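K.L.:
Sequence:
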Amino acid sequence: MVNDTSDLQLAIRKDQSIAAINGYAMGGGLDCALACDIRIAEQHAVTALPEATVGLLPCGLGTQHLPWLVGESWAKRIILCGERVSAVTALNTGLIEEMVDKGQSLNKALQLAEITGHQSPTSISACKRLIMAARTGNLESALPLERDEFVGLFSTVDQKEGVTAVLEKRKPIWKNA
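When the count follows this note's numbering, it moves up by one through the sequence shown with no breaks and lands on 177 for the last residue.
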């Protein structure tokens, strides 16, 4: 059960997640979107973390996720100034990965979910762990982690199914094992 936005943030990080931003995503709404793997926003969308304007701070890990996505300078500007960010600026700074026409964010998010849904869940989990580890580690420490994950995937049912499916020219049936 999710007790607060921090719990929700951590729950979102466990599985694949795509945010479809179709209007205002401010405060906790943006915190949730920041926790997602991919963020799609409609061209009229506006994002902000305005908590400092009322004497608070983003408490849903926004202070942690935002700098990784947009860099320290933009994170400070967005958080310290409570600045509202247009979809164009969000795209240019890396806050979102794609901007779409009005009414199309959910369709695009579902399209991407369909694509990622065809990937091996076991492989996706390993990739996410390594990408997240890149935030705190360095290349020297990442190499053994990546090698261990890669070697570990060779013993999975999904890896064998993936290769077999390619050889048989069919879509794989993932077992998440």
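Please keep in mind that the hints were generated in silico from the structure rather than gathered at the bench.
Since we're looking at a predicted model, the values are computed, not measured.
Watch out, some of these pointers could steer you wrong.
[What the hints assert, rightly or not] Result set (BS3-like, lysine-lysine): computed pairs, CA atoms no more than 30 Å apart in a straight line:
hint: 1; residue 1: 128; residue 2: 171
hint: 2; residue 1: 175; residue 2: 102
hint: 3; residue 1: 175; residue 2: 108
hint: 4; residue 1: 175; residue 2: 128
K.L.:
Could you run down the list of hints and mark each one as holding or not?
P.N.:
Hint check results:
| no. | hint | verdict |
| --- | --- | --- |
| 1 | 128 <-> 171 | holds, 23 Å |
| 2 | 175 <-> 102 | violated, 37 Å |
| 3 | 175 <-> 108 | holds, 26 Å |
| 4 | 175 <-> 128 | holds, 18 Å |
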